[in-house]
Every structure is written in structure tokens, then in C-alpha cells.
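Number of protein chains: 2
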Amino acid sequence: MLIDGKRFRTIWPAAGGAVEIIDQTRLPHAVAIARLESLEAVVRAIADMQVRGAPLIGVTAAWGLALAMRADPGDGALAEASRQLKASRPTAVNLAWAVDRVVSVLIHLLPADREAVARAEAAAIAEEDVVACRAIGEHGADLIAAIGARKGGEAVNVLTHCNAGWLATVDWGTALAPIYVAQARGIDVHVWVDETRPRNQGAALTAFELGQQGVAHTVIADNAGGHLMQHGRVDLVLTGADRITRTGDAANKIGTYLKALAAADNGVPFHVAAPASTLDWSLTDGVAQIPIEERGGEEVTHVAGALADGSMARVLVSAPGSPAANFAFDVTPARLITGLITERGVCAATEAGLLGLFSER
Amino acid sequence: MLIDGKRFRTIWPAAGGAVEIIDQTRLPHAVAIARLESLEAVVRAIADMQVRGAPLIGVTAAWGLALAMRADPGDGALAEASRQLKASRPTAVNLAWAVDRVVSVLIHLLPADREAVARAEAAAIAEEDVVACRAIGEHGADLIAAIGARKGGEAVNVLTHCNAGWLATVDWGTALAPIYVAQARGIDVHVWVDETRPRNQGAALTAFELGQQGVAHTVIADNAGGHLMQHGRVDLVLTGADRITRTGDAANKIGTYLKALAAADNGVPFHVAAPASTLDWSLTDGVAQIPIEERGGEEVTHVAGALADGSMARVLVSAPGSPAANFAFDVTPARLITGLITERGVCAATEAGLLGLFSER
Numbered sequence: 003m004l005i006d007g008k009r010f011r012t013i014w015p016a017a018g019g020a021v022e023i024i025d026q027t028r029l030p031h032a033v034a035i036a037r038l039e040s041l042e043a044v045v046r047a048i049a050d051m052q053v054r055g056a057p058l059i060g061v062t063a064a065w066g067l068a069l070a071m072r073a074d075p076g077d078g079a080l081a082e083a084s085r086q087l088k089a090s091r092p093t094a095v096n097l098a099w100a101v102d103r104v105v106s107v108l109i110h111l112l113p114a115d116r117e118a119v120a121r122a123e124a125a126a127i128a129e130e131d132v133v134a135c136r137a138i139g140e141h142g143a144d145l146i147a148a149i150g151a152r153k154g155g156e157a158v159n160v161l162t163h164c165n166a167g168w169l170a171t172v173d174w175g176t177a178l179a180p181i182y183v184a185q186a187r188g189i190d191v192h193v194w195v196d197e198t199r200p201r202n203q204g205a206a207l208t209a210f211e212l213g214q215q216g217v218a219h220t221v222i223a224d225n226a227g228g229h230l231m232q233h234g235r236v237d238l239v240l241t242g243a244d245r246i247t248r249t250g251d252a253a254n255k256i257g258t259y260l261k262a263l264a265a266a267d268n269g270v271p272f273h274v275a276a277p278a279s280t281l282d283w284s285l286t287d288g289v290a291q292i293p294i295e296e297r298g299g300e301e302v303t304h305v306a307g308a309l310a311d312g313s314m315a316r317v318l319v320s321a322p323g324s325p326a327a328n329f330a331f332d333v334t335p336a337r338l339i340t341g342l343i344t345e346r347g348v349c350a351a352t353e354a355g356l357l358g359l360f361s362e363r
Numbered sequence: 003m004l005i006d007g008k009r010f011r012t013i014w015p016a017a018g019g020a021v022e023i024i025d026q027t028r029l030p031h032a033v034a035i036a037r038l039e040s041l042e043a044v045v046r047a048i049a050d051m052q053v054r055g056a057p058l059i060g061v062t063a064a065w066g067l068a069l070a071m072r073a074d075p076g077d078g079a080l081a082e083a084s085r086q087l088k089a090s091r092p093t094a095v096n097l098a099w100a101v102d103r104v105v106s107v108l109i110h111l112l113p114a115d116r117e118a119v120a121r122a123e124a125a126a127i128a129e130e131d132v133v134a135c136r137a138i139g140e141h142g143a144d145l146i147a148a149i150g151a152r153k154g155g156e157a158v159n160v161l162t163h164c165n166a167g168w169l170a171t172v173d174w175g176t177a178l179a180p181i182y183v184a185q186a187r188g189i190d191v192h193v194w195v196d197e198t199r200p201r202n203q204g205a206a207l208t209a210f211e212l213g214q215q216g217v218a219h220t221v222i223a224d225n226a227g228g229h230l231m232q233h234g235r236v237d238l239v240l241t242g243a244d245r246i247t248r249t250g251d252a253a254n255k256i257g258t259y260l261k262a263l264a265a266a267d268n269g270v271p272f273h274v275a276a277p278a279s280t281l282d283w284s285l286t287d288g289v290a291q292i293p294i295e296e297r298g299g300e301e302v303t304h305v306a307g308a309l310a311d312g313s314m315a316r317v318l319v320s321a322p323g324s325p326a327a328n329f330a331f332d333v334t335p336a337r338l339i340t341g342l343i344t345e346r347g348v349c350a351a352t353e354a355g356l357l358g359l360f361s362e363r
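Top line first, the protein sequences correspond to chains A and B.
Count along the first sequence from 1, then add 2; that gives the number in my numbering.
Count along the second sequence from 1, then add 2; that gives the number in my numbering.
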């Protein structure tokens, strides 16, 4: 998608065997490219959220294995790289999915062949993600188009939480892909952007993406969505997911569950958009089984942003000395989800619904 | 209550006919006293939220009338002061209630007597607020004690949103008064403090209050409450209110409704604490009838806090140029409220429940 009118992806292979990423901790105030040349750099980029978003984390981890194999293509290094990458973030299943996929190919190869094959596999995962996201966009745009038709062409108001746009994937995004496709189809769309505390990925990344793409949007506090729904100002909620159980429960950025409750209370459709790599067929109870990452409390007590002169700073907003807890995700039970938007189409958030699209499972 | 071990109220009469307040826009980083010497200063202090919290706004407005009468005790000045004070914040009913109460007394007096009587009336409203808050604390502490007994003395986890502590009143607070009384009774209480975007009154003021009083607490993003309730880590939700209809609907800080939904979904009791001056007996449908203040978008796009060197700064967190909307309150329907805690006791959030306590209505 576009930054300053120029096409970008979030990650791409660079000369000399390295991989380059947009350093998302610098957005929206600076568009900085970071070069990752080692497994350690990849693990750090994932843990520190220079790359984030379940699909992008998966692709980045695949590149991490390629970089690990460049340094040491032996079995021990492969196992250790797999372990480190999987531990870098605990909630998104795409990470483990991508690592397992690449390892299952490499393990049968001679060490000398592993780096090249890992690079090819990482590139393949990236391309598949682009295709899947584009397909999610088409299926989701049909939902937006139907609401637009019902409103007689009046703008469709979509509320989204966190960033599940192209910056969370390789390109297009998951929850935002339907908006970009709808825009391309000429449908009038306005997006309510949850700022998404504590890391403000909505205000910083989603608003940035939508602005760069020319999509009408308004940033709101995470607290505001219920009020907007009570007053008929939200037509559809679209979010991404970090892990979806076979029964349709969806882990996503902390606070998603609260929006799902408000949507259900006000009869607003609530859809979760994610590729197949986000599905965890081994789990049946999201609230009980999905591990929820806890991050440092200073992400809650302090807020980073740009001073008036453009330089970056971090301010303390809490009472000095007060402790904080920082849960990164919550789980929205399937009963609150109107539908799941996957690359194969839209289905009910139930085991039967998912098996209808993924009958091979 | 205590700041640095010294007893404070939020507002008090000062020498020379002025009134002094704790400037709450400076908390938690500085304890600054502001001196208000005119109606204009009072209107500005309310609009800029140097004082905030429905009960405290009411008391401050009463002092504003006294200052207005000092400058010009005529009928025209009285009407104009009443108009300006009521327009300074639209949602809290205590403001209009206090202004109407003082005006109804002054209007029958000779101008020469008005300033002195207005001062006495403002002082009386303040004292009554202290007594009411203390009574709310006793009634609410009974609820906490019952939960504590059921948990065998294990800490009772209370979640609160925004600041409805002593800083929102003259002393004691509304939603926090039960916690202070429970603490005094030796009950083990831990408070989950919603940071309360966009103005962070939870992180800045509630955490400050609780810390100064020695109450165990943890600051969380507003997004986290649902997750905590899903995992059994919240025993009770206590919030204040800015206006309560005769049918029990409660307007409170934006985001309260989302916590009420999560509480209902998880079987967690949700109580709203407020004095009688917060009751608006003229309204029957909170969502449709209570005016919701919209404030400037820059309160969402920018965050103020302390830099590492202790100086204050404001950082831009949103994508530059993205617009923001800033709804200050939402309305929690009575069906989601377990009970209302008033100075006369606890009642159901229904017309019958309220009339049971306030039979004179």
C-alpha cells in the first residue's frame, strides 16, 4: 500500500542475504527502514514490536530462520532458532505456524541447502499472505457493499480496534483490507479508529494507513465505541485476530471483547478478519486455553509521542510510583462474533462454520 | 483526605472573599493551589477541569455565585452568572442543581445581603456533600465487607473507572468512599484503576489518591477490564455518576458502559455511587435524554505528562493530521446496574428502587 504515494510492503528481502522492514515503532512520526541481518535481530524486532500483527510476525519469523541458517545451518541451530522465535511473542499462532512450516521443510534437507530453501519458503509465505489478505478484502467488501446499499449510498461507518491493516501483514491487511477494496469499488466508507491503548496502534498505525490511502477516518478513545453504537453511528465492527480456536473464539488486542459486547448489545454486526494461518485447530476454548501475553507496566504508565518540535519523547501519565499491569490481548467468545472473514469466504464463528470452509480439517 | 500525610479538601474559602482549590490539571505531578477571585475564574476552572467530578463542580459553581454577587449583587448579574455557570459543563446535573439551589435563595434577598448568604449556602452545600459521601462510603463498605467475608478475608478486587474519589467531591469521594471506609474497617481491598482515556483521570488522580491513602492498586488500560472479569479477577465494579435518571440510567465518564456490559456478561456486581444531587428526577431515558459533552479532539490526539526530568510536556500520539472525536460521557442503562449507592442506602437501579429511598419524590 501507499506511503507518500509510493508503494510499500512491510518486509522484503535485501541485498547480502538480509531482510528489511519498516520499523513500526517509529511510525507515524518517521518512516524508517530497519535492516535485519541475524536471528537475534529478528527476535528483537518481533519482541520489541518493530514488526507486529499476527500475519507479519509469522512472515518475519520465517525470514528469521533463513538468517539463522545462514549463520549456522546445523540441526542444533535450527532447533534453537525455532525455540527463540516461538518464544518472542506468545499469543499469535501465526508465529508458531510459520516457524513449524519452515522447520518441517528444512529438517529433511542437507545443511548446505537450508538457507536458500528457507529464503524461498519465507518468500512463499509472504506471497501467500498477500493473496489471502486480498481475498479477505474482497469477501469483506461484499459485507460493506451490502450495508452501503441498504443505506442508499450514505457512508458506511466501520469501527476497528488496533491495527489489522497492511502494516500488520505483508500488504492489504486483514480487517482493513475490506475497507481498501470497498474504497476501490467506490463505496463511501468512514472508519472510527480506536486509539488502542496502551501502545496506540490504532491512533499511530491505523490512522496513518488510512490517511495515506485517503480513507475518511476519525480517531477515538477506546472508551467511545459503546456510546457511538448506542447512537446508531457504527454500522459494522471489523477487527483482526491473533489466534482463532476451531470453535470460533478469537484472541485479539486487549479491549476487542468489550467492543464485541457493545456490538451485541446494540445489534451491530461484529466480524473478525483473519487468514487460515491464524486458525488454531487444536484449541476449543479460547478464554481458557489461549495464552495471553503480559508486557511491561511502563507501556501503561508512560506514553510515547512527538513533541511540538517533532522530536520524540515519553511522558509519565500515571501517579508516580503506582504499579500497572499490561495484558496485551483478550479473547472474544464466538457467541459474540457475527462472522469470520477468511480468504475462503465468510463463515459463522463456529466449528461447523469453519469446517464448511476448511473441510480438510 | 491525605496528600503527603496532610489533610486536604478539594475546595475551601480563602481570605479576602476568594475561594481556593487544588488545581487538578497539575496532579499527579504537582500539588498546586489555585485562588479563584471572580465568576470568570470559576467558570474557567470548571470548563478547563481544574476542578472536575460532578459533586465538586456543583460546590464550585455555588462559590462562583458568591464571587459573582461580590462583584455585582444585582438581579441581572445573578441571572447572567447562573447562565454562565450552567453552560460551563453540560453533562453533570449537580452543577445545575447547585446553581438553582443558591439562586432560589438569593433571588428573594436584597442585593446587599446576597454575597454573604451565597457564601453560607456554598459552605452548606460543601458540608452536605462531605456528609453524603461519608454515608455512601459506609453503605458501600458493607457491600465490600460482604464480598470479603465470602472470600474468607482474601483481598477484594474492585475495578473503578475515572476518578470518583475525594478529588471529585469535597472529601471522601463517591465510588472510592466505600474503599476508604473498608480500609478503615481493616478489610483487605485491591483496586484495578482504569487509566480513563482521554484525560487519564484514573491513572493520574485515582492512582494518586489511592497511593496517598495507602490503598493497594494497579493501573490498567481501559481495554483490560473485560479480560480481568473473564478470569475472575474482579469482584465488584464501583463507579461514580454525573447524572442518574429517575429510572436508574447513569451517565458517567466515557467507557463506563463498556465495563457494565463486561460485568453483566461475567456475573460481576456493578454498582454506581452518587449523592442525591446527582439524581435528575425529570428524565426517564438516559441514552436518549442526557446531553453528552463533546470536547476538543486534541485531548485524544495528544497526551500530557511528565518528562524524565519532571517537567511537563504534551506529545502527539496519533498520525499527524488525523482528526479525532472526543465524547466525554456515556450512559449505562439501568438494566446493567446491580445497584445504586446513595447517602440514604443502596437501592435497585429502578424508579421503584429510587423512590423507596427518596419517597418525597
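Treat the hints with care, as some may be off.
So, partial list: chain A residues that the calculated Cβ filter (under 10 Å) puts toward chain B [stated by the list, open to error]:
#, residue
1, His31
2, Ile35
3, Asp144
4, Lys255
5, Leu260
6, Phe331
Hint data in this document are derived by calculation from the structure and do not stem from the laboratory.
Each residue gets a CB set at the ideal place from its N, CA and C atoms; glycine is no exception.
Each hint, compared with the structure:
Because the beta carbon of His31 (chain A) sits about 7 Å from the nearest beta carbon in chain B, less than 10 Å, this interface hint is met. The restraint placing Ile35 (chain A) at the interface with chain B is violated, with a minimum CB-CB distance near 19 Å, outside the 10 Å limit. This hint is violated: Asp144 (chain A) has a C-beta 27 Å from the nearest C-beta of chain B, more than the 10 Å allowed. A distance limit of 10 Å between C-beta atoms decides the matter here; for Lys255 (chain A) the minimum to chain B is near 8 Å, and the interface restraint holds.
Interface restraint check: Leu260 (chain A) against chain B, minimum CB-CB distance 4 Å, threshold 10 Å, status holds. For Phe331 (chain A), the interface hint holds, the least distance from its beta-carbon to any beta-carbon of chain B being 8 Å, beneath 10 Å.
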